[in-house]
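Colleague: Sequence:
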Amino acid sequence: MLILTKRLTITLCLLLAPAAALSQMDGHGPDAWQVTGVASNDTLNARSGPGTEHLVIGTFAHDATGLQMTTCIPFLPRQIYYELTESQLAALPPRWCLMQSRDRRTTGWVSAHYLREDTTGAQAEMDPAIAEAQALVRDLYSRFETANSVAANPFSPGARQNYFFASVAPQLSGRGADLLYDAQDFQGEVTRIAPDPDQPMLRGMITINVDFTNWGRTKRAVFRLRPDTARPGAPIRIFRIEHEGWEFP
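Start counting the sequence shown at 862; every next residue gets the next number (the working numbering).
Bear in mind the hints are in silico, worked out from the structure with no lab data behind them.
Every value quoted in this text rests on a predicted model; they were computed, and no experiment measured them.
Glycine included, each C-beta is placed from N, C-alpha and C at the ideal position.
Watch out, some of these pointers could steer you wrong.
Pair ranges (Cβ atoms, derived) [stated by the list, open to error]: (1) 1000 <-> 1074: 18 to 24 Å; (2) 945 <-> 1013: 33 to 39 Å; (3) 1028 <-> 913: 51 to 57 Å; (4) 1035 <-> 1074: 21 to 27 Å; (5) 1010 <-> 1077: 16 to 22 Å.
With the sequences and hints as input, model every part of the structure.
Modeller: What follows is the structure, given as structure tokens:
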């Protein structure tokens, strides 16, 4: 655990702004980004490629918000990241990200140093219950990917109740990657975890979509959540997970 903490700290300091670094490490980034660290009389250059040697093809305002992130380089798969030494982490080149403006009129590569999670009012309008459900699903993926012991696995008997309905938890024995990635083996990245854009909530049921790639294929897992009234305080929990052609339970 100490090693993990040290490496996370190094990544936060050397690669990106805090939110950007964490999202690119575990694949569960914010829904939107904003420009930071640019003077009010200046703009952030959007380039044709990752690096200052590439042509400037547009600009983002110094206070631009609602930016969408497509990808960042260098890309570092989680399984490779945890195998790197501290000196190797420190030697990684500066990270650049391909971004798009809210109105989609500007797209280009920018230095990740000038990006952070969008904390403006537009992002704060999300219903608290939906935001809680989104955070729960993100945490489920993050903890599964970083678990270094049986006890730390969110599907373990002692942790299931933190994520799943009381009636569903007993059925989770032997489950894990198949529920998250529709496969026992995962070689790819989670690209987005967000409320369903068309119907995020219906009669108390919250829908969170998880988009990911696995072995080159683009897939989606759909999580259904609602308050579990069988538990004290009726916390929001997962009661169903849907993949193409099948669902659990």
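Colleague: Now look at each hint and say whether the structure bears it out.
Modeller: Hint-by-hint comparison with the structure:
1. 1000 <-> 1074: 18 to 24 Å: holds (21 Å)
2. 945 <-> 1013: 33 to 39 Å: violated (21 Å)
3. 1028 <-> 913: 51 to 57 Å: The hint (51 to 57 Å, Cβ to Cβ) holds, given that residue 1028 and residue 913 are roughly 56 Å apart.
4. 1035 <-> 1074: 21 to 27 Å: Because 25 Å falls inside the window, the suggested range holds.
5. 1010 <-> 1077: 16 to 22 Å: Since the Cβ atoms of residue 1010 and residue 1077 sit about 31 Å apart, the hinted range of 16 to 22 Å is violated.
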